[in-house]
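Under this note's numbering, the first residue of the sequence shown carries the number 192, and numbering increases by one thereafter.
It is worth saying that the hints were derived from the structure and are not from the lab.
All values derive from a computational prediction rather than experimental measurement.
Hints may be right or wrong, so weigh each one.
As the list claims (entries may be wrong) - The calculated label-pair distances, taken between Cβ atoms and stated as ranges, are:
(1) 559 with 465: 47 to 53 Å
(2) 344 with 537: 35 to 41 Å
(3) 474 with 248: 36 to 42 Å
(4) 528 with 384: 15 to 21 Å
Said to hold, decoys possible - Mimicking EDC-like on lysine to aspartate or glutamate, the simulated pairs with C-alpha atoms at most 16 Å apart in a straight line are:
(5) 212 with 503
(6) 212 with 412
(7) 212 with 338
(8) 557 with 382
By construction, the Cβ of each residue, glycine as well, lies at the ideal position given by its N, Cα and C atoms.
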Amino acid sequence: MLAFFVMGVCDLVGIGANYAKTDFDLSDTLTNLLPFMVFLWFFVLSVPTGIMMNRIGRRATVLVSLYITLVALLIPFIHYSFVFMLLSFSLIGIGNTLLQVSLNPLLAHIVTPERLSGQLTLGQSIKAIASFATPVFTTWAATQLGDWRLVFLAFTCLTLVSILCLHWIHIDEGQPERRTSFSECFALLRDPFIFLLFVGLLVHVGTDVGVNTTAPKLLTERTGIPLSATGYAASAYFLFRIIGCFVGVFLFSRFSARYVFLGSILTTVVGTVGLFFCHNVLPIYACIAFIGLGNANLFSVIYSQALRQCPERSNAISGLMIMAVSGGALFPLLMGIGADLVHGQTGALVVLALCVSYLLFILAPKIR
Numbered sequence: 192m193l194a195f196f197v198m199g200v201c202d203l204v205g206i207g208a209n210y211a212k213t214d215f216d217l218s219d220t221l222t223n224l225l226p227f228m229v230f231l232w233f234f235v236l237s238v239p240t241g242i243m244m245n246r247i248g249r250r251a252t253v254l255v256s257l258y259i260t261l262v263a264l265l266i267p268f269i270h271y272s273f274v275f276m277l278l279s280f281s282l283i284g285i286g287n288t289l290l291q292v293s294l295n296p297l298l299a300h301i302v303t304p305e306r307l308s309g310q311l312t313l314g315q316s317i318k319a320i321a322s323f324a325t326p327v328f329t330t331w332a333a334t335q336l337g338d339w340r341l342v343f344l345a346f347t348c349l350t351l352v353s354i355l356c357l358h359w360i361h362i363d364e365g366q367p368e369r370r371t372s373f374s375e376c377f378a379l380l381r382d383p384f385i386f387l388l389f390v391g392l393l394v395h396v397g398t399d400v401g402v403n404t405t406a407p408k409l410l411t412e413r414t415g416i417p418l419s420a421t422g423y424a425a426s427a428y429f430l431f432r433i434i435g436c437f438v439g440v441f442l443f444s445r446f447s448a449r450y451v452f453l454g455s456i457l458t459t460v461v462g463t464v465g466l467f468f469c470h471n472v473l474p475i476y477a478c479i480a481f482i483g484l485g486n487a488n489l490f491s492v493i494y495s496q497a498l499r500q501c502p503e504r505s506n507a508i509s510g511l512m513i514m515a516v517s518g519g520a521l522f523p524l525l526m527g528i529g530a531d532l533v534h535g536q537t538g539a540l541v542v543l544a545l546c547v548s549y550l551l552f553i554l555a556p557k558i559r
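Please model the entire structure based on the sequences and the hints provided.
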């Protein structure tokens, strides 16, 4: 669970990209290149990580990911420039890819299949706590201490603690899975249900990162409040994700994943539609809260459905599903392009609405 907290470092990119935009005078497209560099690696390295995990084990892969994250967090203090921030965010993406591919199946190995959705939701709630605290600490560091980059130092300390703890414990991972090739991993997409789940994670993470990146710019555009005050929008989003995660742990014990998923999507739809029409601070925050509440349990349902479909291929499934986290690179970039095309964040909201429509109309009816 401590490693799940460190996993939340990838959500630093939302508020960090907005500060970089101001510091380096970037366009929306260049600004959204920063989250692109984080989540690109989920597309490139997820399947190779699943294959590597068969060789060295899940715990060892988690440790490698934490060491890479540690290096990434130190780079902004070596030299602060747009190029070095691209490098830092790239290494954060590489470390986070390895972490998400290995940590989820490691958790799946030590809990029963019936408890998996709930335990994944608990892990996501821990990650959401980190995601919630990050914009608050970043805004406080920028306004009170004069340097938003101090958030990197805080995550550096937490990553070190996580590395030390994981070195000191032993986890029996049982018999390793058989070696898997690239072609065998991608062949899993021939299963129609696995393919729909893959695309579902792609667009879900796209909405998650897209809201995190777009919300501060939307607030500034429509209400005129300064960037230094918009970091709380991301915190509001992650606060309601935390609430949604803990509520999800309760709901999963009483309702099927199908009903939890449908209720979550409908909540997200309410928030997404509302953003098109709201032009005042409180209504915009309310819409962001609805989206955060709705998005809280989607990852757990989609990921656990994939593992239950092919439980004997959990490492390969994990690599394939986490590859879909690259939606966090693709869709925020498309949102930035859309915003530049129409000279406003409404263009970004159109992309967001398309993502939510897929989850509602195509994937939701297939969830079991």
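Inset, instruction - Would you check the hint for residue 212 and residue 503, treating anything up to 16 Å between C-alpha atoms as holding? - result: violated (45 Å)
Legend entry - Hinted pair residue 557 and residue 382, Cα distance within 16 Å: With Cα atoms ~13 Å apart, residue 557 and residue 382 stay inside 16 Å; holds.
Legend entry - Range agreement (Cβ of residue 465 with Cβ of residue 559, hint 47 to 53 Å): violated (30 Å)
Legend entry - Distance restraint between residue 212 and residue 338, which requires alpha-carbon spacing of 16 Å or less: holds (15 Å)
Inset, instruction - For the range 15 to 21 Å, tell me whether the beta carbons of residue 528 and residue 384 fit it or not. - result: violated (31 Å)
Legend entry - Hint check for residue 248 and residue 474 - Cβ pair distance inside 36 to 42 Å: Violated - the Cβ-Cβ distance for residue 474 and residue 248, about 49 Å, lies outside 36 to 42 Å.
Inset, instruction - Check the following: the C-beta atoms of residue 344 and residue 537 are separated by a distance inside 35 to 41 Å. - result: Once the Cβ atoms are compared, 37 Å apart, the range 35 to 41 Å for residue 537 and residue 344 holds.
Inset, instruction - For the pair we were handed, residue 212 and residue 412, check the Cα-Cα distance against 16 Å. - result: OK: residue 212 and residue 412 at ~15 Å, within 16 Å.
Going through the hint list in order, the structure does not satisfy hints 1, 3, 4 and 5.
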